[in-house]
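Respectively, the protein sequence lines represent chains E and W.
Residue numbering for the first sequence is 5 to 433, as defined by the working numbering.
Residue numbering for the second sequence is 438 to 586, as defined by the working numbering.
In case anyone wonders, no lab produced these hints; they're calculated from the structure.
Each hint should be verified, as a subset may be incorrect.
Label pairs and their computed distance ranges (CB to CB) [unchecked claim]:
| hint | chain 1 | residue 1 | chain 2 | residue 2 | range |
| --- | --- | --- | --- | --- | --- |
| 1 | W | LEU461 | E | GLY58 | 28 to 34 angstroms |
| 2 | E | ALA409 | W | ALA507 | 53 to 59 angstroms |
| 3 | E | SER263 | W | LYS510 | 32 to 38 angstroms |
| 4 | W | LYS488 | E | ALA409 | 50 to 56 angstroms |
| 5 | E | ARG81 | W | SER523 | 36 to 42 angstroms |
Note that beta-carbon positions come from the ideal geometry of N, C-alpha and C, so glycine has one too.
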Amino acid sequence: MTASDTHRAIDAVWRIESARLIAGLTRIVGDVGLAEDLAQDALLAALERWPESGVPDNPGAWLMATGKHRAIDTFRRSERIERKHQLLGHELESRQEMAVGELDAAIDDNIGDDLLRLVFISCHPVLPREARTALTLRLLGGLTTDEIARAFLVPEATVAQRIVRAKRTLSEHKIPFVVPRGAELAERLSSVLEVIYLVFNEGYSATAGDDLVRPGLCEDALRLGRIVAELAPEEAEVHGLVALMEIQASRLRARISSSGKAILLLDQDRGRWDQILIRRGLAALERAERLRAANGPYALQAAIVACHARARTAAETDWRRIASLYDALAAVAPSPVVGLNRAVAIAMAFGPAEGLKIIDALTSEPSLKGYHLLPAARADLLEKLGRSGEARAEFERAAALTRNARERELLLDRARAQNADNHTHREKK
Amino acid sequence: MRFMVIVKADKDSEAGKMPDQKLLADMGKYNEELVKAGVMLAGEGLHPSSKGARIRFSGNKRSVIDGPFAETKELIAGFWLFQVKSLDEAIEWVKRAPNPMPGKDSEIEIRQVFEAEEFGTEFTPELREQEARIIKQAAENAKKQGSRG
């Protein structure tokens, strides 16, 4: 293997092992920031040694052992050395007496728990949301600071700062490295799922920038979701989120034309929907429904997208079922956005006039003030009712509100399409 | 990125010989690791070619040839579909698989799957026309639904 081959192999090993490495080290040293530093030290050691010695048979174990040695070195330099040294020294001595196979098993025993602890601590509510996202993508997703910065279209320095501050906050608050239990678990889990879905949405429907979709981010979020689903398989909402993401991701290739233009769901070529992801999504949804009465918000959203996935053509969509699922969603997770989506479903099931009634009631909602999909939905219904002039105005209002160039393009196209009708009406007069 | 990971056949797999307990257990554990890492999209074993068939295309002629097929080393016994960031990551994962033919030399091949965007990314006049048609059709659909409402 050439040196550059080894470097690429090390990159791949890092992607596979880094989260587990950091998680295991965090349990040992009790601090996420220190653990990441030690993990980076282990990586450096690998970059120095492996080009010569070759990639070891069990690279994860090598990195962990190296990290633990570094941890001991670190503790020698701190005033808590005595107690920790004894604990670690003892642990290492007894490890040296074990056979290699037993060593691997002993490391593996705790890793699932440690990884789950790392997931929860990275999404801790004491951290601001952007910090949770950056920290999760860094520690669990293995993304570099630069990759995170590009994902959210912020400067790299901003992301670096968020991560540094996040680690400091966790230290200062002495946040324990545990999996939450009982009543706390539901709330803490919802924070985890929120972070993952936030990342997914940035990839699925970017809030700003020139591209509508960034599939790499969807892949990152999906991978994280699948990992958490295996770490906490008894939590219905995790499977619900995974189902939602798998099915939405199945449409990525159909969402944009070859020139990058946005294509609406009902206009998409369903032959381009990824059936493997749909199958996986439906399987995850089934897992969620088996665990719980299927009324969690993510499971409900997944059930809604599953309705679309099961319809072979747009005309075969079961809109009444979708409308009733939105009723259920509005009951467990009410929000103006849910209300808006419910209105759209009701319009499809029972006619645009019905939907418009509900949307008109939402126009005074303060939290929807800057939300471009509200005027967009209203415009769509006005168009269907033949009220072209009003439809054009609403499409233009929506276009002005979105920060995404592709969405703006689509909305302006639809506004312009209204003009043709307007001319005709004027001529008739 | 997606990769198809292909396990080659040998005379035992072609004879329909079941893998021994240890291999089954090791493969099961390996598949579990792939699932826990979120990288396995699909994975299946294939029956021997004696249960399969080939279709030969010659001009307009289609002829069916029943298995088994002789050239064992050209046959496959199973496959995975991985979702990973790079070929290097796929390689690293495959290295961790148990030897599919224990006690013998064997090979697993890794091939990158085409993403739809990679087919003819140039925006040709034909594609431009097609796109215009899609937009026009969408506008008509919208009007139709309006009149139904």
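Do the hints match the structure? See the list:
1. Range check, W/LEU461 to E/GLY58: Cβ separation about 30 angstroms, and the 28 to 34 angstroms hint holds.
2. Evaluation of the 53 to 59 angstroms hint for E/ALA409 and W/ALA507 yields a pass: the beta carbon distance comes to about 57 angstroms.
3. At about 45 angstroms, the CB distance of E/SER263 to W/LYS510 disagrees with the hint of 32 to 38 angstroms.
4. Take W/LYS488 and E/ALA409: their Cβ atoms lie about 53 angstroms apart, and the range 50 to 56 angstroms holds.
5. Between E/ARG81 and W/SER523 the CB atoms are about 37 angstroms apart, so this pair conforms to the stated range of 36 to 42 angstroms.
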